[in-house]
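Input sequences plus hints: build the corresponding full structure.
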Amino acid sequence: MEPKLPDSRNENILIHVNGELLPREDAKISVFDSLVQGGDGVWEGLRVYNGKIFALDEHLDRLMDSAHAMAFANIPTREDVKKAIFETLAANGMRDGVHIRLTLSRGKKVTSSMDARVNQYGTTLIVLAEWKPPIYSKSGIRLITSAIRRNPPQCVDSKIHHNNLINNILAKIEANVAGVDDAIMLDIHGYVSETNATNMFAIKRGHVLTPHADSCLPGSTRGMGTQLAGDAGIPLT
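Under the working numbering, the first residue of the sequence shown is numbered 1, with each subsequent residue one higher.
What you were told as hints is all true, and nothing was included just to trick you.
Calculated cross-link-like contacts (lysine-lysine; reagent style PhoX-like; alpha-carbon spacing at most 25 Å):
| # | residue 1 | residue 2 |
| --- | --- | --- |
| 1 | Lys52 | Lys132 |
| 2 | Lys132 | Lys82 |
| 3 | Lys82 | Lys159 |
| 4 | Lys159 | Lys172 |
| 5 | Lys172 | Lys132 |
| 6 | Lys83 | Lys52 |
| 7 | Lys28 | Lys82 |
| 8 | Lys82 | Lys52 |
| 9 | Lys28 | Lys132 |
| 10 | Lys138 | Lys52 |
| 11 | Lys172 | Lys4 |
Read the hints as simulated data drawn from the structure, not as lab findings.
Written out as structure tokens, the structure reads:
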């Protein structure tokens, strides 16, 4: 069966790869790139609403923090990343209902290796913008509790927004097999951490509850939610 895109407009998108805007079928990276060699990259997911990118600066803060935490060399400036994003949106005529997958890898290697010293070409920047509505229903979603646990910070720190997402993928596969939308992931001590794709909140007796961030990614929306609760005088735990 021929693959079918969720939105046919994405058949003709232009994708930014290291300074070039390339058609979908030509947007490729080297087999020696660190993303291929070991998922060695960092990324952000951005949404565009009515011509504006939600929490862009907060997402760029985290991208830069993650790249520094991974000891990347030759990290592009915020201005260069913003320029690549806005050029990509303009080239595709995108202003609303858009999701951007922003990826920065350690870059291409001179030979296959886990040693970062063989990364001698600089980082690889990818801006993939697609027409994509939110996937979650406002009426609610169904969840299971996954057997896959979130990494503790002593292993792979979840606060680094890295591309090695195998834990999340395995948890999502469990959800797919169970016929539900997503999976709740616990930390190694059995406490709720997040889902395979999002942070979590609960409301109980007038209090807003959210898991501690030791083993989950402290997302931009999570940060905004906690700030709004505080500003409104709503107790937050």
